[in-house]
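Since chain A is already given, all that's left is putting chain B on it; use the hints.
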Amino acid sequence: MAQALLNGLVSGLLIALPAIALSLTYGVLNFPNFAIGAMITAGAYITYFFNVGLGLPLVAAALFGCLALALVAVVVQHLVYRPIGTDDHITLLVGSMGVAFVLENLVRFVYGAEVRTFALSVARPMMWQGLRFNQEQLIIAVVTVTAMAVIALVLKRTALGRAMRAISDNPALAEVRGIRRHRIVDWTWGLSGVLTALAGLLIAMDTTVEPLVGANYLVSIFAAAVVGGIGNPFGSMAGGLIIGIVEELSTLVLPTTYRQGVSFIVLALVLFLRPSGLLGTARIKR
Amino acid sequence: MNIALQEAISVEAISAGYGSSDIVRSASFNAGAGRITTIAGPNGAGKSTLMKVVVGLLRPRLGRIMLGDRDITRLDPPSRAAAGLGYVPQEHNVFKNMSIGENLRIAHEFIRPRSSVAEFAAARDRVLALFPDLAGRLNGLAGTLSGGQRQMLAIGCALMPSPTALLLDEPSAGLSPRYVAEMLDAVRIVNESGVTVLMIEQNLVEAVRVSHDMVLLVGGEVKGLWLAPEFLDDPKVTSLFLGGVQHDNAAHPTREGPHGTGTS
Numbered sequence: 001m002a003q004a005l006l007n008g009l010v011s012g013l014l015i016a017l018p019a020i021a022l023s024l025t026y027g028v029l030n031f032p033n034f035a036i037g038a039m040i041t042a043g044a045y046i047t048y049f050f051n052v053g054l055g056l057p058l059v060a061a062a063l064f065g066c067l068a069l070a071l072v073a074v075v076v077q078h079l080v081y082r083p084i085g086t087d088d089h090i091t092l093l094v095g096s097m098g099v100a101f102v103l104e105n106l107v108r109f110v111y112g113a114e115v116r117t118f119a120l121s122v123a124r125p126m127m128w129q130g131l132r133f134n135q136e137q138l139i140i141a142v143v144t145v146t147a148m149a150v151i152a153l154v155l156k157r158t159a160l161g162r163a164m165r166a167i168s169d170n171p172a173l174a175e176v177r178g179i180r181r182h183r184i185v186d187w188t189w190g191l192s193g194v195l196t197a198l199a200g201l202l203i204a205m206d207t208t209v210e211p212l213v214g215a216n217y218l219v220s221i222f223a224a225a226v227v228g229g230i231g232n233p234f235g236s237m238a239g240g241l242i243i244g245i246v247e248e249l250s251t252l253v254l255p256t257t258y259r260q261g262v263s264f265i266v267l268a269l270v271l272f273l274r275p276s277g278l279l280g281t282a283r284i285k286r
Numbered sequence: 287m288n289i290a291l292q293e294a295i296s297v298e299a300i301s302a303g304y305g306s307s308d309i310v311r312s313a314s315f316n317a318g319a320g321r322i323t324t325i326a327g328p329n330g331a332g333k334s335t336l337m338k339v340v341v342g343l344l345r346p347r348l349g350r351i352m353l354g355d356r357d358i359t360r361l362d363p364p365s366r367a368a369a370g371l372g373y374v375p376q377e378h379n380v381f382k383n384m385s386i387g388e389n390l391r392i393a394h395e396f397i398r399p400r401s402s403v404a405e406f407a408a409a410r411d412r413v414l415a416l417f418p419d420l421a422g423r424l425n426g427l428a429g430t431l432s433g434g435q436r437q438m439l440a441i442g443c444a445l446m447p448s449p450t451a452l453l454l455d456e457p458s459a460g461l462s463p464r465y466v467a468e469m470l471d472a473v474r475i476v477n478e479s480g481v482t483v484l485m486i487e488q489n490l491v492e493a494v495r496v497s498h499d500m501v502l503l504v505g506g507e508v509k510g511l512w513l514a515p516e517f518l519d520d521p522k523v524t525s526l527f528l529g530g531v532q533h534d535n536a537a538h539p540t541r542e543g544p545h546g547t548g549t550s
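Protein sequences, first through last, are from chains A and B.
Heads up: the first sequence begins at 1 in my numbering, then just goes up one per residue.
Heads up: the second sequence begins at 287 in my numbering, then just goes up one per residue.
Only chain A is shown next, with the shape it has when bound in the complex:
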């Protein structure tokens, strides 16, 4: 039980990262980015390219992977989302599905469908108070918690964060207050790219590098973001942890193939009791 809780906590942190990215772009652009799964995959492969392809140490590869995926996200914004405009949410959503197809198949085109792993030496799992945790879990916990702290700091304490929250709150007023929306949107995609690349690296490190590595997490990520109140990054942190822990605990009584079904049930329950998500009511609509 305690072991399952620990594992759930770690996989929750893993889900929270892209869920935060999803919430950030949802907040400033008002559409759910369905390409988030493919972005995770792309992030994993780009990092794999720097790590195995170019032989860089994993930390340096991760750094380049983050920058590269941030760049990809900004380029996609300019090529796909910006021409569609900010008011047409459904077209943006469908556009993001198209982006997902293109990213996923680019990866297949370059690397094929075979399963790969990062150049990371295997370490013996560590024991603490009767709980077993491995090197990957420790890295996941440290990286995700640090990334979340940085994001929280950016949102609460910087001009960029205030501008992102202002646009999410009231885009027309933000413009009148001198905030250049397109610039902030680019920065938001950049942040989203960094977070998803990190998630891609960590997920692939925990499992393997393969073309569906991100798509497999899509349901859990959306469930986490919506449970927390989509558009609210702090809600997504909580949502990720809840979904991760519940999914992991469910494996104690259900076959593991039902994991995603369990996150749907949690999602349905939360929406039934609190339609705007757990932290959704903290946001004032009128």
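Hint data in this document are derived by calculation from the structure and do not stem from the laboratory.
Glycine residues also receive a C-beta, built at the ideal position from the N, C-alpha and C atoms.
Do not rely on the hints blindly, as some may be mistaken.
Selected chain A positions facing chain B (in silico; Cβ < 8 Å) [claimed, not checked]:
no.	residue
1	R157
2	A163
3	P171
4	E175
5	P255
Okay, now just chain B, sitting in the frame of chain A:
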């Protein structure tokens, strides 16, 4: 009729609307520098549409907007704000999920990006002196404020970057009678500190009390300009408000003595 010697905002032959039809048709008027100019008119006259064109939220189909002697027609809202235009929308005019302090900060930091911490603090102190109700609750969410306090915060935010001109879309909308006078007195105080004011106001008695000049907009067209104290006495105004049908007393609001100092 050109009342003021110097124009702060010139609206020149503006035609604008949403889609194919124009809501505002070839509207021209000036808001004099250092004065309070109020746009009056019945519901649906196109007052808010015209205001959105001046702020840059709506592109005009034809015409030109001048701020001083600078043509700002092609500038987007952030650039107009940087050029010295402050705007208070009628509703949704504060960031509800941000604190009052954050609202004030964000109103300043993007329009005056190179200003120092001291300048920001001075701007905030000025606003809090004007609206002391806000001072004690800088950490509260703006969305929890009452209607009147929200309006104060919205005007305060527009004043943070020290604009040369302030545009107000119905500052008294939705306020209790006590707040209406208080709000318009605050507008007067802001104006006396040298800020040109252009506002839309439905409460004509209060508008005439604080304004210098009145512009009448009916059916998207400017029907004339008046010095504020003369506005309500003109039978033409009454008839235009009622769409050309003259009623004896229905349209004459009860009125206090003219406080306006609309001489030039």
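Hints, one by one, checked against the model:
no.	hint	verdict
1	R157	11 Å, violated
2	A163	7 Å, holds
3	P171	10 Å, violated
4	E175	4 Å, holds
5	P255	42 Å, violated
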